[in-house]
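**Q** The lines below spell out each chain.
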Amino acid sequence: MSIGLYHCLLLAAILFAIGLYGVLSKRNIIAILMGVELMLNAVNINFVAFNRYTPVSDLTGQLMTVFAITVGVAEVAIGIALAYRIYNDRQTINVDKLDNMKG
Amino acid sequence: MSEILGTLVFYAVTVVILGTALGVVLSKNLVHSALLMTACFIGIGVLFIWLNADFLGAMEFMLYSGGVAILVVMGIMLTKRQDGAPGNPFNVRSLPALALVVLFLAIMFLVIMNSVVPAGEFISPDTVNGLADMMLNTYILPFEIAATLLLAALLGAIILAKGDGKA
Chain G
0 MSIGLYHCLL LAAILFAIGL YGVLSKRNII AILMGVELML NAVNINFVAF NRYTPVSDLT
60 GQLMTVFAIT VGVAEVAIGI ALAYRIYNDR QTINVDKLDN MKG
Chain W
0 MSEILGTLVF YAVTVVILGT ALGVVLSKNL VHSALLMTAC FIGIGVLFIW LNADFLGAME
60 FMLYSGGVAI LVVMGIMLTK RQDGAPGNPF NVRSLPALAL VVLFLAIMFL VIMNSVVPAG
120 EFISPDTVNG LADMMLNTYI LPFEIAATLL LAALLGAIIL AKGDGKA
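Those sequence lines, one after another, are chains G and W. Here numbering that gives the first Met the number 0 is used: position 42 in the first sequence is 41, and no number is missing along the way. Here numbering that gives the first Met the number 0 is used: position 5 in the second sequence is 4, and no number is missing along the way.
Calculated directly from the structure, the hints in this document are not laboratory data.
Under the rule of at most 20 Å between Cα atoms (straight-line distance), these lysine to any residue pairs were calculated in the SDA-like manner: (1) W:LYS161 / G:THR91; (2) W:LYS79 / W:ASN28; (3) W:LYS161 / G:ARG84; (4) W:LYS161 / W:ALA151; (5) W:LYS79 / G:ARG84; (6) W:LYS79 / G:ASP88; (7) G:LYS96 / W:VAL91; (8) W:LYS79 / G:ARG89; (9) W:LYS79 / G:ALA80; (10) W:LYS27 / G:ARG26; (11) W:LYS79 / G:TYR86; (12) G:LYS96 / W:LYS79; (13) W:LYS161 / G:LEU81; (14) W:LYS27 / G:ILE31; (15) W:LYS161 / G:ILE85; (16) G:LYS96 / W:SER93; (17) W:LYS27 / G:LEU23; (18) W:LYS27 / G:VAL35; (19) W:LYS27 / W:LEU97; (20) G:LYS96 / W:PRO95; (21) G:LYS96 / W:PHE89; (22) W:LYS27 / G:VAL22.
Fair warning: this is a prediction, and the values are worked out from it, not measured in the lab.
Chain W on its own, in the form it takes in the complex:
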C-alpha cells in the first residue's frame, strides 16, 4: 500500500516538475515564467524529500524557491523596458535548438536504458548529522573554497551592479 502511494507521489511530482518547467520555457510572459520556475523548484524540493534527502529538500525550498526566485523577479523588474507585461520571445534559432534538444534527449534515453547500475540502496537515518560530519571533516577544503567563492560572488555582484565607480 505504501509503495503504491510512493509511486503515485513520484508521478504527481514528476508531472508538476515537467509541466512547470515546460511552462517556464513556453510562457509568453516573463513574470509567469518566474512564478512557474518557483513552482518547479518546490516540486524538486518535494522530490528530494521523497528521495530521503530531507536536508536538501529544505535547502531547495529556502535557496531556490526563496532566494533565486526573488533575485530573478528583481532582475525582471530592473530590466523592464516599457509598460505592460515583460515579454519572453523566442530568438531566431529556436528550430535548430529544438533539433539539438531532441538529439540530446534521444542520446540520453539510449544511454540510460542501456546502462547497467549495481542494484542496492542507501537510506541515511540522519542526513543533517551525516552531511555536517562529512562537510567539516573529510570535505573541509571544498567547504572553505565554497565560502571563498560566495565572498567573491558577493563582491563581484555588488561591484558589477554599482557601475564604473561613478555611483
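Here chain G stands alone, though its shape is the one from the complex:
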C-alpha cells in the first residue's frame, strides 16, 4: 500500500497528541516549551502533506509552513527569555509553584 495523505495526517495527529501530553503534564517550563515545539511541527507536517497530496497548483501550503516556522522560532525565543526571567525573580520554573499573580 502506497503512502498517501492519510498516513501523514495520522502521523501529525499522533505527534500533536504527544506534544499536547507534554504541555499538559510537565512541571518544568522548558519541557512545556518543548511540547509546544512538537505541536507546531505536527501542524507543519499537515501543511506540507496537504500541499503534496491534494490537487493544488502552487506552493501556498509550503509558504504557510515558512511563516509558521518563523512564528514558532520567535515564540520559543520569547518563551526561553520569559523562563529565564521567571527563574531570576523566583528561583523556580516549576509551574505548580507559579500560582501567584501578585509579583
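Based on these hints, arrange chain W on the given structure of chain G.
**A** Here is chain W on its own, set in the frame of chain G:
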C-alpha cells in the same frame, strides 16, 4: 521497487519521529529530552524532503535542529537549580492530561478516517524559486509582517532577559 523503498523510508522516519517525541515527553532527564527533540526535528526535516519540500527540509534542519535546540539547551543550563542532572518530572495533573490526549487522538482518528479529500497530487519542480516568487509577489504583506514580528521578538527577548533596567 522505488515505491517500496519510499514506503520503507516513510515508516522508518515515522518510527524515528514518534519514538523520539515520546522520549522527549517521558525522559527523566531534561538534557536527554532536548537531545531527543533535536533528533525528532531531524526526522521531521527528512520527512519534509520525502514530501518533495526540500527547501522546508533545509529550513527545518537549520532553524529547529540548529537554532531552537541550542536555545532550549541554553535555557536548561541558565535555569538549572542544583548540581546533578536537571530533572523533568510530571506535575499533579498527568492522569487527566492523559485522558484528554486519548480523547483528542480518538476524535482526530475519527475525523481523519471519515473525511474525503480530493485525490491528486502536486510536486513542484523547484520549490526554492516557487516559494521566493510567491513570497515577494503575492504574499509580500505577510512577509513584511513576519519581519516586523521577528524584530519585536528580538527586542522583547533582549529586554526580558536583561532585567528591569538595573543590569
